[in-house]
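S.K.: First to last, the protein sequences are chains A and B. So the first sequence is numbered by full-length UniProt numbering: it starts at 1 and just counts up by one. So the second sequence is numbered by full-length UniProt numbering: it starts at 1 and just counts up by one.
What the hints contain is simulated information worked out from the structure, not anything from laboratory work. Ideal Cβ placement from N, Cα and C applies to all residues, glycine included. The reader is advised that the hints may include incorrect statements.
Stated by the list, open to error - Quick list of the computed label-pair ranges, beta carbon to beta carbon:
| hint | chain 1 | residue 1 | chain 2 | residue 2 | range |
| --- | --- | --- | --- | --- | --- |
| 1 | A | Glu123 | B | Val45 | 36 to 44 Å |
| 2 | B | Pro205 | A | Phe110 | 51 to 59 Å |
| 3 | A | Arg117 | B | Ile54 | 53 to 61 Å |
| 4 | B | Met58 | A | Gly131 | 44 to 52 Å |
| 5 | B | Pro205 | A | Met15 | 17 to 25 Å |
| 6 | B | Trp6 | A | Pro29 | 52 to 60 Å |
What the hints assert, rightly or not - Here are a few chain A residues that sit away from chain B, every Cβ distance over 12 Å (derived from the structure):
| hint | residue |
| --- | --- |
| 7 | His17 |
| 8 | Pro33 |
| 9 | Tyr35 |
| 10 | Gly47 |
| 11 | Gln69 |
| 12 | Phe81 |
| 13 | Leu106 |
| 14 | Glu114 |
| 15 | Leu128 |
| 16 | Ser144 |
| 17 | His166 |
| 18 | Ala167 |
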Amino acid sequence: MLGIIRTIWMTFLHMFHRNETVQYPDVKPYLSPRYRGRIVLTRDPGGEERCVACNLCAAACPVDCISLQKGEREGRWYPEFFQINFSRCIFCGFCEEACPTYAIQLTPDFEMSEYVRQNLVYEKEDLLISGPGKVHDYSFYNVSGLKIPGKNKGEAENEAKPVDIHALMP
Amino acid sequence: MMSIIWPILVIVVTVFGVLGVAAVSTMLERRLLGVFQDRPGPNRVGPFGLFQVIADAMKMLFKQDWIPPFADKPVFLIAPIIGFLAVLLCFGVVPITPIWSVAGNLNVGLLFIFGMLGLGVYSVVLAGWSSNNKYALLGGMRAAAQMISYEVFMGLSVMGVVMAAGSFSIRDIVDAQTNCWFIIPQFLGAVIFFLAGVAETHRLPFDFPEGENEIGAGFHTEYSGMKFGMFYLAEYAGVALSSALVTTLYLGGWHGPLLPPFLWFAIKVFLLICFYILLRAALPRPRYDQLMSFGWKVLLPLSLLNILVTGAVVLLRAGV
Ligand code: SF4
Ligand code: SF4
Chain A
1 MLGIIRTIWM TFLHMFHRNE TVQYPDVKPY LSPRYRGRIV LTRDPGGEER CVACNLCAAA
61 CPVDCISLQK GEREGRWYPE FFQINFSRCI FCGFCEEACP TYAIQLTPDF EMSEYVRQNL
121 VYEKEDLLIS GPGKVHDYSF YNVSGLKIPG KNKGEAENEA KPVDIHALMP
Chain B
1 MMSIIWPILV IVVTVFGVLG VAAVSTMLER RLLGVFQDRP GPNRVGPFGL FQVIADAMKM
61 LFKQDWIPPF ADKPVFLIAP IIGFLAVLLC FGVVPITPIW SVAGNLNVGL LFIFGMLGLG
121 VYSVVLAGWS SNNKYALLGG MRAAAQMISY EVFMGLSVMG VVMAAGSFSI RDIVDAQTNC
181 WFIIPQFLGA VIFFLAGVAE THRLPFDFPE GENEIGAGFH TEYSGMKFGM FYLAEYAGVA
241 LSSALVTTLY LGGWHGPLLP PFLWFAIKVF LLICFYILLR AALPRPRYDQ LMSFGWKVLL
301 PLSLLNILVT GAVVLLRAGV
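From just these sequences and the hints, can you work out the full model?
M.R.: Structural data, given as structure tokens:
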């Protein structure tokens, strides 16, 4: 009985509390840079696509909303198409964690409503941005041992020269 | 000529006044609930969101009015109308000011109100029955049990006031409170009457006929468009009615110092409506059997006790 009256009184006191609401479309809330919103594909500092079409993001995605096709040009892998179905994406960020090349990144933007559901399927052209995103100076091919035009085996950062397995010297 | 026009004017203005109050209190409720929950509530349409009422009304009017093919059509149609009319008719016998009332002098005013509230049960039961939907039927059953039993305590708790004022006419009851509001000698009765009023209008926390988490939307599950709007308006008109009744029976009606009678009446009703909303914001819904046993095991003995004591006091005063 007393508890009921106390509840009523405490609820009444909330009349004099401050509003917690952010008047959203008029006042934008602050979203930290690591907020998990719209997904982008980034480029490396040289301006090339970072994605190497390894499919790890698609495998990590719990709702299977990423689909891509590997292509190859001058020894480098790249996605021929890369689709993210944002009507299924749950913005968990697993794809970003899985990606070995920092290619796929989530951004603090969530205003992506559409009237037609099909429009929520983003193609590579919609996803690809022109900058490196959150990671500024990482280029996968500069640190990996893969041979590409202009960079031979053993020429990557922190990479030792390849061992000549036919030689006898230690 | 004047003798015809004046009553018609009173009736028309009262009806539209009640409708307006019901519509505005939907808005008031949403704003106040927001305030109690530290958020602003609807504030987009017009200044302070006041036009939300109009927007809601438009939405109700233009929504598709769907009658399910399995429903019992005539009953389905008539149920909301009964509920709506019953509440509106009740306002007829509530005297708002000494000069402004449709039939405030009716010598069986209180009985008329209880009769109309009894009819209101039909609306809910028939709605639940004719919808041909098990959740609606369950809601209707609950409404029947709850409203009929709470009407008992409502009637019994009011008897104290009737005895003290010596009349069933609400006008006389208000006049009897010129010196002392009945809430002071009849405090127990006032509390019981208020609780029964909450149950009678099936408002939270006693909204079992439409307990969302158990039985969908209860008796109005199948209703849409304007027919749902009628239930909705009737509910808020019921809240206003219950507040007006508490005001006239226990809070001295239009009596009060300084301000004009109408203003006093309006202030009291407004505060009571706000209290209704506060109850909704504060209290969770009890279990159904708890409601029933609370009614029969607590409220019934208390209201009988109230009658007993009041009767004894009245007899003593009369010096028998
Ligand atoms: S954020 Fe999660 S759900 Fe969305 S694409 Fe990445 S892994 Fe899939
Ligand atoms: S975005 Fe990253 S994880 Fe996905 S395919 Fe491209 S490189 Fe692999």
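S.K.: Each hint should be assessed against the structure and marked as holding or not.
M.R.: Consistency of the hints with the structure:
1. In this structure, A/Glu123 and B/Val45 meet the distance hint of 36 to 44 Å, their C-beta atoms being roughly 38 Å apart.
2. Taking the beta carbon of each, B/Pro205 and A/Phe110 are about 37 Å apart, not inside 51 to 59 Å as hinted.
3. The given range of 53 to 61 Å is broken by A/Arg117 and B/Ile54, whose C-beta atoms sit roughly 32 Å from each other.
4. Between B/Met58 and A/Gly131 the CB atoms are about 48 Å apart, so this pair conforms to the stated range of 44 to 52 Å.
5. Remark: the range hint 17 to 25 Å for B/Pro205 to A/Met15 is upheld by a beta-carbon distance near 19 Å.
6. The supplied range of 52 to 60 Å is met by B/Trp6 and A/Pro29, whose beta-carbon atoms lie about 58 Å from each other.
7. Residue placement check: A/His17 does not keep its beta carbon more than 12 Å from all beta carbons of chain B (closest about 5 Å).
8. For A/Pro33, the non-interface assignment is confirmed: its Cβ lies about 28 Å from the closest Cβ of chain B, beyond the 12 Å cut-off.
9. Under the 12 Å C-beta cut-off, the non-interface status given to A/Tyr35 relative to chain B holds; the minimum distance is some 23 Å.
10. With a least beta-carbon separation of about 45 Å from chain B, A/Gly47 lies farther than 12 Å from that chain, consistent with its non-interface assignment.
11. Every Cβ of chain B is farther than 12 Å from the Cβ of A/Gln69; the closest lies at roughly 45 Å, confirming the non-interface assignment.
12. With a minimum CB-CB distance of about 41 Å to chain B, A/Phe81 clears the 12 Å threshold, and the non-interface call stands.
13. With a cut of 12 Å on Cβ distances, A/Leu106 stays outside the contact zone with chain B, its closest approach being about 29 Å.
14. For A/Glu114, the shortest C-beta to C-beta distance to chain B comes to about 22 Å, beyond the 12 Å cut-off, and the non-interface label holds.
15. The Cβ of A/Leu128 lies farther than 12 Å from every Cβ of chain B, with a closest approach of about 37 Å, so its non-interface assignment holds.
16. Every CB of chain B is more than 12 Å from the CB of A/Ser144 (nearest about 52 Å), matching its label as outside the interface.
17. The non-interface label for A/His166 is consistent with chain B: the shortest C-beta to C-beta separation is roughly 75 Å, beyond 12 Å.
18. Its beta-carbon lying about 75 Å from the closest one in chain B, A/Ala167 satisfies the requirement of being farther than 12 Å from that chain.
In terms of the numbered hints stated before, the structure departs from hints 2, 3 and 7, listed from lowest to highest.
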